[in-house]
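K.L.:
Residues per chain are reported as follows:
2 protein chains.
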Amino acid sequence: MEATKSSDETTIHIPESTSTRGKAAATVPAMVVSTKATQAGGWKRGVAIFDFILRLCAIAAALAATATMGTTDQTLPFFTQFFQFQASYDDLPAFQFFVIANAVASGYLVLSLPFSIVGIVRPHLTGVRLLLIIFDTVMVALITAAAAAAASIVYLAHSGNTNANWNPICQQFGDFCQSVSGAVVASFIAAAIFIFLVMLSAVALKRH
Amino acid sequence: MEATKSSDETTIHIPESTSTRGKAAATVPAMVVSTKATQAGGWKRGVAIFDFILRLCAIAAALAATATMGTTDQTLPFFTQFFQFQASYDDLPAFQFFVIANAVASGYLVLSLPFSIVGIVRPHLTGVRLLLIIFDTVMVALITAAAAAAASIVYLAHSGNTNANWNPICQQFGDFCQSVSGAVVASFIAAAIFIFLVMLSAVALKRH
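Residue numbers (the numbering used here), protein chains in the order written: chain V, 3 to 210; chain R, 3 to 210.
FYI, nobody ran anything at the bench for these hints, they're computed from the structure.
Just so we're clear, the structure is a prediction, and the values are computed from it rather than from any experiment.
Virtual Cβ for every residue (Gly too), placed ideally from N, Cα, C.
One should not assume that every hint holds.
For each label pair, taking beta carbons as the anchor points, the in silico distance ranges come out as [stated by the list, open to error]:
no.	chain 1	residue 1	chain 2	residue 2	range
1	V	Pro170	R	Ile119	43 to 51 Å
2	R	Pro170	V	Ile51	46 to 54 Å
3	V	Gly176	R	Pro170	20 to 28 Å
4	V	Val140	R	Ser161	22 to 30 Å
5	V	Cys59	R	Ile51	33 to 41 Å
6	V	Pro170	R	Cys59	34 to 42 Å
7	V	Asp177	R	Gly48	54 to 62 Å
8	R	Pro95	V	Gly184	17 to 25 Å
9	R	Gly109	V	Val140	19 to 27 Å
10	V	Ile119	R	Leu115	46 to 54 Å
11	R	Pro95	V	Gly176	20 to 28 Å
12	V	Phe137	R	Gln88	41 to 49 Å
13	V	Asp75	R	Ile51	47 to 55 Å
To give an idea of the interface, some chain V residues facing chain R are shown, with a C-beta separation under 7 Å as derived from the structure [said to hold, decoys possible]:
no.	residue
14	Asp93
15	Ala96
16	Thr128
17	Val130
18	Leu132
19	Ile135
20	Thr139
21	Val142
22	Ala143
23	Ile155
24	Asn165
25	Ile171
26	Ile197
27	Ala204
28	Leu207
29	Lys208
Could you build the full structure based on these sequences and the hints that come with them?
P.N.:
In structure tokens form, the structure reads like this:
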């Protein structure tokens with residue numbers, strides 16, 4: 003039942019006149035097209051299922067990055083007369099951007115799941131795939147920017163910079179730095195999955 | 003001449019038997035396909051030319067970013083007994099990465115120009131377009147990461163961070179900060195052009 007459905011959707015416009023004027027001639031290409039469409043449908047359905055699984059992995063990575071960064075804070079066990087030493091993600095604008103961007107990417111991924119399912123059910127609808135590739139590309143840029151900005155700050159926190167006279171703060175806030183680094187790695191994994199999703203969609207679009 | 007050439011390249015496999023058995027039936031769809039291919043060819047050629055122009059703009063932006071960041075350094079007019087105050091891009095690893103990534107992107111863009119020209123001459127070769135979209139996606143990630151990492155450092159240099167006790171260095175190195183900010187902006191422009199190139203290629207792939 004699925005096979006006939008998918009072969010209906012291939013839009014090779016052979017006019018009505020062909021089937022009426024040359025019956026024998028018309029049936030041969032129609033059968034060839036049908037077999038090809040079924041094969042291509044199976045191939046594209048595999049790509050669509052892989053796309054769906056990758057999106058689930060990306061949701062896990064992006065949510066892990068958001069949650070790790072968003073919940074991490076460390077209060078040092080000693081304090082002076084004036085203030086207590088505390089490190090949290092909202093002390094640094096790059097980390098705030100990181101949390102927002104990863105949350106946006108997670109939300110987008112959840113919203114894109116229905117479209118990915120449509121891609122599995124109807125592998126020949128290229129409009130859905132085009133929509134996904136366009137938004138995925140934007141998300142590649144967003145999540146890579148967030149991860150890179152946070153990574154450069156994490157690097158600075160780890161090793162400091164003598165030229166600019168910026169001291170490494172990870173010596174004091176070791177646990178904070180560790181969980182932040184983990185969040186950055188998770189975000190880079192999500193970015194890599196997004197890049198792969200774009201490539202996969204491009205290959206699927208090419209062979210429609 | 004071009005019209006016949008392009009119609010040759012549309013791969014709708016109608017077997018030989020069709021034209022021998024039903025002559026009248028075969029000529030009608032062939033003509034329809036030919037007209038459609040010519041229209042699509044013109045449309046795709048326009049996209050390919052636009053792609054080429056955008057690549058030239060991206061080369062300008064990426065080269066400007068590389069050159070600005072690579073050549074910028076500032077030596078303060080006063081010095082102590084021990085050292086002279088000097089700021090250069092290779093003091094900060096994020097800026098080094100920025101220069102390397104932008105140089106790589108410029109090099110890739112120059113190398114991609116011949117492929118873009120092939121896309122103009124033969125608009126129906128989807129393999130070239132697929133190759134370009136895959137590498138363009140990688141470059142989106144690379145150049146966005148470079149720009150974002152540098153931007154977070156530039157932001158820190160401008161406004162500092164009281165929580166981490168990092169002082170703004172732009173108060174001393176005003177000219178350095180200004181040219182570095184310019185380089186970051188140029189790099190973000192190049193990244194935006196790359197995102198647009200990927201979308202353009204995706205649309206062109208969809209309608210092949």
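K.L.:
All the hints need checking, so say for each whether the structure fits it.
P.N.:
Outcome of the hint check:
Distance hint for Pro170/V and Ile119/R: a CB-CB separation of about 50 Å, consistent with the stated range 43 to 51 Å. Between Pro170/R and Ile51/V the CB atoms are about 51 Å apart, so this pair conforms to the stated range of 46 to 54 Å. Separation of Gly176/V from Pro170/R is about 26 Å and conforms to the stated range, judged on CB atoms against 20 to 28 Å. At about 28 Å, the CB distance of Val140/V to Ser161/R agrees with the hint of 22 to 30 Å.
Separation of Cys59/V from Ile51/R is about 39 Å and conforms to the stated range, judged on CB atoms against 33 to 41 Å. A C-beta distance of roughly 40 Å is found between Pro170/V and Cys59/R, which places it inside the suggested range of 34 to 42 Å. A hinted range of 54 to 62 Å for the beta carbons of Asp177/V and Gly48/R is consistent with their spacing of about 57 Å. Restraint check, Pro95/R to Gly184/V: a C-beta distance of roughly 20 Å satisfies the suggested window 17 to 25 Å.
Gly109/R and Val140/V have their C-beta atoms about 25 Å apart, which keeps the hinted 19 to 27 Å range intact. The hinted range of 46 to 54 Å is not satisfied by Ile119/V and Leu115/R, whose Cβ atoms lie roughly 40 Å apart. Checked against the given bound of 20 to 28 Å, the beta carbons of Pro95/R and Gly176/V, roughly 21 Å apart, stay inside it. One distance hint, 41 to 49 Å for the beta-carbon pair Phe137/V and Gln88/R, holds here, with the actual separation near 45 Å.
Our hint of 47 to 55 Å for Asp75/V and Ile51/R holds, since their Cβ atoms are close to 53 Å apart. Among the interface hints, the one on Asp93/V holds; its C-beta lies about 4 Å from the nearest C-beta in chain R, closer than the 7 Å criterion. Proximity of Ala96/V to chain R holds as hinted, the smallest CB-CB distance being about 4 Å (cut-off 7 Å). For the restraint placing Thr128/V at the interface with chain R, the shortest Cβ-Cβ distance is roughly 5 Å, inside the 7 Å limit, so the hint holds.
A distance limit of 7 Å between C-beta atoms decides the matter here; for Val130/V the minimum to chain R is near 11 Å, and the interface restraint is violated. A hinted interface residue such as Leu132/V counts as satisfied when its beta carbon comes closer than 7 Å to some beta carbon of chain R; here the least separation is about 5 Å, so the hint holds. Proximity of Ile135/V to chain R holds as hinted, the smallest CB-CB distance being about 5 Å (cut-off 7 Å). Hint status for Thr139/V relative to chain R: holds, with the closest Cβ pair at about 5 Å, below 7 Å.
Taken as an interface hint, Val142/V checks out: its beta carbon lies about 6 Å from the nearest beta carbon of chain R, inside 7 Å. The closest approach between the C-beta of Ala143/V and any C-beta of chain R is roughly 5 Å, which is under the 7 Å cut-off, so the hint is satisfied. For the restraint placing Ile155/V at the interface with chain R, the shortest Cβ-Cβ distance is roughly 6 Å, inside the 7 Å limit, so the hint holds. Taking 7 Å as the C-beta contact cut-off toward chain R, the hint placing Asn165/V at the interface holds, the least distance being around 4 Å.
At a threshold of 7 Å, the smallest CB-CB gap from Ile171/V to chain R is about 5 Å, leaving the interface hint in force. Among the interface hints, the one on Ile197/V holds; its C-beta lies about 6 Å from the nearest C-beta in chain R, closer than the 7 Å criterion. Hint on Ala204/V holds. Least Cβ distance to chain R is approximately 5 Å, under the 7 Å limit. Against a cut-off of 7 Å between C-beta atoms, the interface hint on Leu207/V holds, since the closest Cβ of chain R lies about 4 Å away.
Checking Lys208/V against chain R by beta carbon gives a least distance of about 5 Å; that is within 7 Å, so the hint holds.
Of the numbered hints given earlier, the model fails hints 10 and 17; all others are met.
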